[in-house]
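Novice: Residue numbers (the working numbering), protein chains in the order written: chain A, 89 to 198; chain B, 57 to 171.
By construction, these hints were calculated from the structure, which means they are not laboratory data.
Just so you know, not all the hints are guaranteed correct.
[Said to hold, decoys possible] Mimicking DSSO-like on lysine-lysine, the simulated pairs with C-alpha atoms at most 27 Å apart in a straight line are:
{"no.": "1", "chain 1": "B", "residue 1": "Lys134", "chain 2": "B", "residue 2": "Lys110"}
{"no.": "2", "chain 1": "B", "residue 1": "Lys134", "chain 2": "B", "residue 2": "Lys107"}
{"no.": "3", "chain 1": "B", "residue 1": "Lys100", "chain 2": "A", "residue 2": "Lys133"}
{"no.": "4", "chain 1": "A", "residue 1": "Lys133", "chain 2": "B", "residue 2": "Lys97"}
{"no.": "5", "chain 1": "B", "residue 1": "Lys107", "chain 2": "B", "residue 2": "Lys71"}
{"no.": "6", "chain 1": "B", "residue 1": "Lys110", "chain 2": "A", "residue 2": "Lys167"}
Each chain, letter by letter, is given below.
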Amino acid sequence: RKEVEQDPGPFNVPEGATVAFNCTYSNSASQSFFWYRQDCRKEPKLLMSVYSSGNEDGRFTAQLNRASQYISLLIRDSKLSDSATYLCVVNLNQGGKLIFGQGTELSVKP
Amino acid sequence: EAGVTQFPSHSVIEKGQTVTLRCDPISGHDNLYWYRRVMGKEIKFLLHFVKESKQDESGMPNNRFLAERTGGTYSTLKVQPAELEDSGVYFCASRDLGQDTDTQYFGPGTRLTVL
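This is chain B alone, in the form it adopts within the complex (with noise of 0.2 Å):
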């Protein structure tokens, strides 16, 4: 069974550009999240779906960040305009919906440098 998947694995760009990052999770995990580690700091959550709908986005940093989840498969995660503190890695997480526990499983993370 593959894993979860991230889309591009690195990015570079300069500040005020706009870049979207894609996750696709374990076939059938209704449950998908977003984290961030900027440098020297902790993994740190962003939003979960919950199929299409967004359970939790309490840690999305601002406005210049939009998640979304159509169709309740795929997610794309978009910086428009970057800043140059958004540079940091971005992990996707997703869970099965069934699973009686709460294990998360992690993708490979897109590396993302803002010039």
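Here chain A stands alone, though its shape is the one from the complex (with noise of 0.2 Å):
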């Protein structure tokens, strides 16, 4: 099983649709968690980082389920540019190794 899995792409939808992403890890003493995007071709770059009591930074709204080891992303109002890879990524202890999910590729098309 690997330690952290997210939904299988691609998600293709029109623009303004809003879409929500999965993500589940498998060990129980992770602390720390959050959403990177990555560009084709390019390095990952941090999203928003996900709270137990869930948080929202504009279109962007991230939740975290501590109990059923779940994490999830809100994309509403979807833009062309939001078209990227999204990387779950899961860390074990402060400062520590980054765990990535596979990553889930959206599409955003007019």
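Can you join these two chains into the complex? Each is in its own frame, and there are hints to help.
Specialist: Structure below.
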């Protein structure tokens, strides 16, 4: 079983759509949780950290359910510029190695 | 402020040759990490430096890989001899020791192709 599993992609959605990504992690001792975004042939960039209380940044909402070991990312009102691969990432201890999911590709069409 | 830089951006070598990748972290960042992504797989951790010391090298695949960070500034990752399965994108990331978040900043990566 992979340490971090994500929805298989790709997701193809029209502009303005709402899209949700799901992720599960296997190690209950995981301490920190993130969503990274990776554009084609570019480096991963932090999109947002994920907190137990849930957090929102503009059109993006992230949630964490520790009991179910489940992380989600919701994107509202999708833009063409949201097209990228979204990576679910966990960290077992602060400052330590990041554990990545395989990523889910999103393509937003006009 | 300059971000994490990596050199070269691309490298094509033949099986059995040696390649050295370089990473310059963000100035002042004591934590430096190496990761790689091989075709069709997720990004995987290789190792973690704190200053010049190896904090965690549990992800290094075998003894053909040697990472150094002399002086605690830039780091090199040498692959000797390279094998076909070493092909992939090698990312470096850095993090400030004093930072109160876990944010790691990634470099653009080195795309390694072993023929």
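Novice: If a hint holds in the structure, say so; if it does not, say that too.
Specialist: Structure-based check of all given hints:
1. Taken as a hint, the Lys134 (chain B) and Lys110 (chain B) pair is honoured in the structure, with Cα atoms around 15 Å apart against an allowance of 27 Å.
2. Using a Cα cut-off of 27 Å, the hinted pair Lys134 (chain B) and Lys107 (chain B) holds, with the two alpha carbons roughly 18 Å apart.
3. For the given pair, Lys100 (chain B) sits about 15 Å from Lys133 (chain A) by alpha-carbon distance, which is consistent with the 27 Å threshold.
4. Taking the CA atoms of Lys133 (chain A) and Lys97 (chain B), the gap is about 18 Å. The hint holds against a cut of 27 Å.
5. Under the criterion of a C-alpha separation no larger than 27 Å, the hint pairing Lys107 (chain B) with Lys71 (chain B) is inconsistent with the structure, at around 32 Å.
6. Straight-line distance between C-alpha atoms of Lys110 (chain B) and Lys167 (chain A) comes to about 42 Å, which puts the hinted pair past the 27 Å bound.
The structure fails hints 5, 6 (numbered hints given earlier, in ascending order).
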